[in-house]
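*Asks:* Here's the letter readout for the chains.
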Amino acid sequence: MSDKGLYWIAFDSTEQHIWLWAVVNAYNRVVNRGVYDDVVITFDDSIDVQSVKPFHLVTLACLIHHIDKMGHHVYVSSKNKNLSDYLFNDLGFQEYFGGGKNYVETKTSSNIFNLWRIVESDKDMYAKKVEDYFRSRYFHDKDLSAISLCMVEAYYNVFDHAEANGNAFSIIQYDKASSRLYVAISDFGIGVAQSVRRHNNVCSDREAIKMAVEDGFTVSSTERNRGMGLGNIFSMTDEVMLISNSGMISKKHDGKLEPVGLDFMYPGTLICFEIDLSSMEDEEIIEEFNI
Amino acid sequence: MRKIQLLDIMKSRDLLSDAGSVFYKELISALSSSDKVTVDMTGVNSMPSVFLNVSIGRLIDEKGIDTLRNNVAFAMITKQQALRLKEYIEKYSASMVNC
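Protein sequence lines, in the order shown, are assigned to chains A and X. Heads up, my numbering is the position in the first sequence plus 10, with the first residue counted as 1. Heads up, my numbering is the position in the second sequence plus 165, with the first residue counted as 1.
Keep in mind the hints are simulated off the structure, nothing from the lab. Just so you know, not all the hints are guaranteed correct.
[To be verified] Simulated crosslink set (DSS-like; lysine-lysine; CA at most 25 Å straight-line):
hint, chain 1, residue 1, chain 2, residue 2
1, A, Lys152, X, Lys251
2, A, Lys139, X, Lys244
3, X, Lys244, A, Lys152
4, X, Lys244, X, Lys201
5, A, Lys261, A, Lys63
6, X, Lys256, A, Lys261
7, A, Lys138, A, Lys152
8, A, Lys266, X, Lys201
9, X, Lys256, A, Lys220
10, A, Lys266, A, Lys220
11, X, Lys176, A, Lys138
12, A, Lys152, X, Lys176
13, X, Lys251, A, Lys261
14, A, Lys262, A, Lys117
15, A, Lys186, A, Lys138
16, A, Lys138, X, Lys244
With the sequences and hints as input, model every part of the structure.
*Replies:* Listed below in structure tokens is the structure:
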């Protein structure tokens with residue numbers, strides 16, 4: 011480490027609100043610091059690797075990318091050895107930031123489709139790759155098109171609205187016991203809520219997010235936008251949560267959408283969704299279909 | 166009757182939105198020759214909204230939904246794709262009415 015100042019970022023819990031607060035707090039303090047320091051990320055001993063989910067990993071990746079781009083050196087403390095082993099020896103975190111890679115195969119975890127830095131040129135291919143992976147490994151005859159469709163919709167949302175400048179990541183985890191797919195996508199861009207508020211007179215990020223997921227609503231940032239993308243994700247998934255700036259909207263099993271205001275400002279957009287692959291229908295081909 | 170192999174179009178461009186524009190041009194070309202169109206969906210995984218907006222959506226904008234219904238059919242389409250396409254067209258048409 012250098013002789014410059016040492017700045018610590020502590021993650022004490024994987025509880026969603028506490029974790030996001032730590033991310034946001036670190037983001038804000040690094041932005042305001044203005045001095046090139048060594049930044050050490052530390053995880054409490056109580057954090058078990060099993061409790062680290064996709065949303066933890068993508069938000070951590072966005073934070074590290076941000077700190078790195080601010081010119082600081084980022085280190086992860088080995089205090090929680092299991093977790094640091096998982097991040098570096100299994101998921102290969104260092105290769106994304108030190109090594110500049112966009113995708114790295116996991117070393118041991120077979121249920122993770124590893125962190126991917128969302129690159130515009132590869133997004134369609136990547137989504138297809140994920141679907142093919144699950145079709146070939148687990149569900150040969152099922153119609154899994156919802157997987158790639160949701161991911162493509164989310165990736166296009168990043169590129170059409172986020173202005174994230176390369177700070178966007180996704181990761182997928184499969185739980186074989188429950189046959190559930192967990193997907194998390196995060197960017198540190200302007201945020202869906204702010205994007206909506208730029209073009210509409212809306213009083214809060216909570217209301218802006220609610221508008222954003224309504225079918226037919228669009229800020230028309232590109233010719234290809236007609237306001238169907240986020241709505242598609244919400245309709246095709248079992249559970250979904252979208253956090254952007256100071257707003258959050260979630261859908262639970264009952265299908266009800268619940269927008270809420272947050273007590274922090276997430277510096278971008280975070281989408282997490284679950285798909286129950288066992289409930290997917292068998293693929294059925296219709297020879298001729300008239301609309 | 167003109168047949169369009171959609172997979173060939175989707176593979177012809179790196180971006181789905183560009184492929185959607187190609188699809189739109191093929192549809193318009195066929196319809197301007199008064200040909201009915203069958204879109205062969207063999208091998209197609211899914212049609213995200215960015216693809217549909219610049220193809221089917223644009224066709225609806227410019228020619229109306231009846232032109233689409235009366236002249237375009239889909240072959241070898243999965244049940245889920247068919248349901249989503251139908252839902253897309255209904256939502257798109259509804260959003261046009263609300264504008």
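*Asks:* Taking the hints in turn, state whether each one holds.
*Replies:* For each hint, the structure was consulted:
1. A:Lys152 with X:Lys251: Measuring from Cα to Cα gives roughly 21 Å; hence the hint holds.
2. A:Lys139 with X:Lys244: Distance of about 22 Å is within 25 Å: holds.
3. X:Lys244 with A:Lys152: The hint holds at about 12 Å.
4. X:Lys244 with X:Lys201: Roughly 22 Å separates the two Cα atoms, so the pair holds.
5. A:Lys261 with A:Lys63: 18 Å, holds
6. X:Lys256 with A:Lys261: Holds: X:Lys256 and A:Lys261 sit about 20 Å apart, inside 25 Å.
7. A:Lys138 with A:Lys152: Answer holds: A:Lys138 to A:Lys152 is near 15 Å, not above 25 Å.
8. A:Lys266 with X:Lys201: 42 Å, violated
9. X:Lys256 with A:Lys220: With Cα atoms ~17 Å apart, X:Lys256 and A:Lys220 stay inside 25 Å; holds.
10. A:Lys266 with A:Lys220: 12 Å, holds
11. X:Lys176 with A:Lys138: 12 Å, holds
12. A:Lys152 with X:Lys176: Holds, because 23 Å separates the two Cα atoms, which is no more than 25 Å.
13. X:Lys251 with A:Lys261: At roughly 23 Å apart (the allowed maximum being 25 Å), A:Lys261 and X:Lys251 satisfy the hint.
14. A:Lys262 with A:Lys117: Given that 25 Å is the threshold and the Cα spacing comes to 33 Å, the pair is violated.
15. A:Lys186 with A:Lys138: 20 Å, holds
16. A:Lys138 with X:Lys244: With a Cα-Cα distance of about 19 Å, the restraint between A:Lys138 and X:Lys244 holds, given a limit of 25 Å.
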